[in-house]
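Peer 1: If you want the building blocks of each chain, they are given just below.
Protein chains: 2
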Amino acid sequence: MREVAVIGVGMTKFGELWNTNLRSLFVEAALKALKDAGVDRLDSMYVGCMTSGLFAHQEHLGALMADYLGQKHLPAYRIESACASGGLAFRLGFIEVASGMSDIVLVGGVEKMHTGADVTDALSTASDSEYEAFLGITFPGLYAMIANAYMHKYRIPYKEFREKLAHVAVKNHEHGSKNPNAQFRMKITVDTVLNSTLVADPLRLMDCSPVTDGAACVVLAPVEIAKKLGKPVVKVIGSGAATSAIALAQRDDIAWLDVVEAAAKRAYDMAKITPKDIDLVELHDCFTIAEVCVLEALGFYEPGGAINAAYNGDTYIGGKLPVNTSGGLKAKGHPVGATGVAQIVEIVEQLRGNAGERQVKGAKRGLAQNMGGSGASSVVHILEVE
Amino acid sequence: MREVAVIGVGMTKFGELWNTNLRSLFVEAALKALKDAGVDRLDSMYVGCMTSGLFAHQEHLGALMADYLGQKHLPAYRIESACASGGLAFRLGFIEVASGMSDIVLVGGVEKMHTGADVTDALSTASDSEYEAFLGITFPGLYAMIANAYMHKYRIPYKEFREKLAHVAVKNHEHGSKNPNAQFRMKITVDTVLNSTLVADPLRLMDCSPVTDGAACVVLAPVEIAKKLGKPVVKVIGSGAATSAIALAQRDDIAWLDVVEAAAKRAYDMAKITPKDIDLVELHDCFTIAEVCVLEALGFYEPGGAINAAYNGDTYIGGKLPVNTSGGLKAKGHPVGATGVAQIVEIVEQLRGNAGERQVKGAKRGLAQNMGGSGASSVVHILEVE
Chain A
49 MREVAVIGVG MTKFGELWNT NLRSLFVEAA LKALKDAGVD RLDSMYVGCM
99 TSGLFAHQEH LGALMADYLG QKHLPAYRIE SACASGGLAF RLGFIEVASG
149 MSDIVLVGGV EKMHTGADVT DALSTASDSE YEAFLGITFP GLYAMIANAY
199 MHKYRIPYKE FREKLAHVAV KNHEHGSKNP NAQFRMKITV DTVLNSTLVA
249 DPLRLMDCSP VTDGAACVVL APVEIAKKLG KPVVKVIGSG AATSAIALAQ
299 RDDIAWLDVV EAAAKRAYDM AKITPKDIDL VELHDCFTIA EVCVLEALGF
349 YEPGGAINAA YNGDTYIGGK LPVNTSGGLK AKGHPVGATG VAQIVEIVEQ
399 LRGNAGERQV KGAKRGLAQN MGGSGASSVV HILEVE
Chain B
49 MREVAVIGVG MTKFGELWNT NLRSLFVEAA LKALKDAGVD RLDSMYVGCM
99 TSGLFAHQEH LGALMADYLG QKHLPAYRIE SACASGGLAF RLGFIEVASG
149 MSDIVLVGGV EKMHTGADVT DALSTASDSE YEAFLGITFP GLYAMIANAY
199 MHKYRIPYKE FREKLAHVAV KNHEHGSKNP NAQFRMKITV DTVLNSTLVA
249 DPLRLMDCSP VTDGAACVVL APVEIAKKLG KPVVKVIGSG AATSAIALAQ
299 RDDIAWLDVV EAAAKRAYDM AKITPKDIDL VELHDCFTIA EVCVLEALGF
349 YEPGGAINAA YNGDTYIGGK LPVNTSGGLK AKGHPVGATG VAQIVEIVEQ
399 LRGNAGERQV KGAKRGLAQN MGGSGASSVV HILEVE
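Listed in order, the protein sequences are those of chains A and B.
Quick note, the working numbering runs 48 ahead of the 1-based positions in the first sequence.
Quick note, the working numbering runs 48 ahead of the 1-based positions in the second sequence.
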């Protein structure tokens, strides 16, 4: 397999964007990535999208986006794995370039969630439709169960747990305030979170990622081509994917994301590194509790330890392991199919030293973790700048 | 890139299967393919499915199917390209094995279309939702426009055109009558077609593929592993994919499927062969007119010539180029996401000499062509038995 690099990145502003549509969002991000890469021809394209059928009554996104991008006869694929669609699209683009089948591959993710469709209903298709969604459970409900299990497993008093969890949202809004593409740029306090509407106990509105429209794209190429472009060469040194039981009730321990542990182990093994070699992380904080559980499954904290990460300041820009410098899903926004690719965009900007106010000084290696459902699928990538 | 072989195949019966569900269909076909291959561990899995969100209110099929197949932590992907979802899933599985990333990869396709959902509405998401579906056009309408364009371009009188087109359906039902997995096993006559309900002039009910539930799976491995299994080694020697304008109105000539021509050229080039080296074809006869246009775009007939193929008997089993020996989409059935994989299943059974009553004597090389929408995406594979 050949070494692969990210040679271009681009994304739209994330937000509630009523004046645009699915195809326009994708094409905007794709053109930005192509311009950044300095290429105009493509060999193949991957489009990560969760449920454009339910949100926008449009499937067949590979063909649609290749057409609207003006790339005649381009082989193009739509990849879906719920909220991990973007990350898995990136993995497949990486495999195609590594295989030698193609040189220049565009990987994008897109979701248009503000369309009038019932968002909670559409997102419920990421859970087990027959044994979870049919019975009325929603995603805030599923993650609330994970939060309760965590609290009980590690015997953390409710008030302490609740307050520490709030620090995850406070930190991600602090980071998002520095990101011009973020949906929410206002800073918040612990009180903002604790006084927000109760959604599914113990999760409140400000523990939940928002409903977002947006797209993000990257261009992949073999490292030998990347080296000729005169920019810092950001290589993909590790890729790991895994699945686990789709229904929460079928897992041994719902406070432990075994799917993330499995995907991360594969990525670390491929990269031949350990968690201590990572300088920054973009991870899947669809709810504040997810950031806590993911940090542990990635091996950065002992089980039960990551509840203190944001609270202690570790995961702030300038802390010992900056996490979600982009603002994460919470503040940057979470257009579900685009999120996995947007994470890669942030890591690349950081490793190139282009992250402006959000820059993590001296960052050499970044990790991106994307997740589907309540932890039924996950994908982890590790990028390194030469 | 490594050489890749198909080491196992399996499929469910196709039909109107109210007493089963999406996951059960997939798992049944997958277990059959695994048993046929003689393997029990997998490195990766691809699930082709068009619109389970709209049909069954379930996305996230990679995780769901890996879970129900009992393959803990298996990397798994859902691939969508409308009715070409299965064929593109096969292509990505092929690339993954060829790359060296994985050895044993399962590729499946599945669709549960009888669920109570509005089938015509769900399928319309394969067209341009904003410029076609929104205005009320349906797939029979789109292919009827293609049929009219063909008739006028080649100046064929309506009655002659109508009768010759009927022979495509007659031939595919004749083949389907020999396939125990086919949805329809009754033979029909030209009169059956000409007297069936008019759907979209000139297409009648018996020109249209049916609404079908079903799944099909294959197992891929490197050729060096396949050689140890003591069965005929069926290699993937060519793979080509392409997209074109999603909306019919945006194409230069709607009677010519440029997307099929582009995909086929890539597959022939990879295989280093020409159409005359092919012994049998499974192609995407979602409507009778599609079989005609695809045969021309694949290079088997001159433009305007393939209308005579079934009429002259060329494309029957025993003819000079047997086409859709399985019964095709018309008689075998068309569970949209499964079709591309089911085509591969038929080619492999034929090349192994296991096709029973349908066997094409001495078949060494088969071609499978799968298509999305009205010709916005297509994928072509060429398989050869050693």
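Some hints here could point you the wrong way.
No copy is singled out in the list; a pair is fine if it fits within one copy or between any two copies.
Claimed, not checked - Here are the simulated lysine-lysine pairs, DSS-like style, with alpha carbons at most 25 Å apart:
| id | residue 1 | residue 2 |
| --- | --- | --- |
| 1 | Lys212 | Lys283 |
| 2 | Lys120 | Lys201 |
| 3 | Lys120 | Lys320 |
| 4 | Lys120 | Lys324 |
| 5 | Lys235 | Lys279 |
| 6 | Lys313 | Lys368 |
| 7 | Lys212 | Lys412 |
| 8 | Lys235 | Lys212 |
| 9 | Lys201 | Lys279 |
| 10 | Lys201 | Lys212 |
Hints are computed from structural coordinates only; laboratory data are not their basis.
Peer 1: List in ascending order the numbers of the hints, as given earlier, that are violated by the structure.
Peer 2: When the structure is compared with the hints, numbers 1, 4, 5, 7, 9 turn out to be violated.
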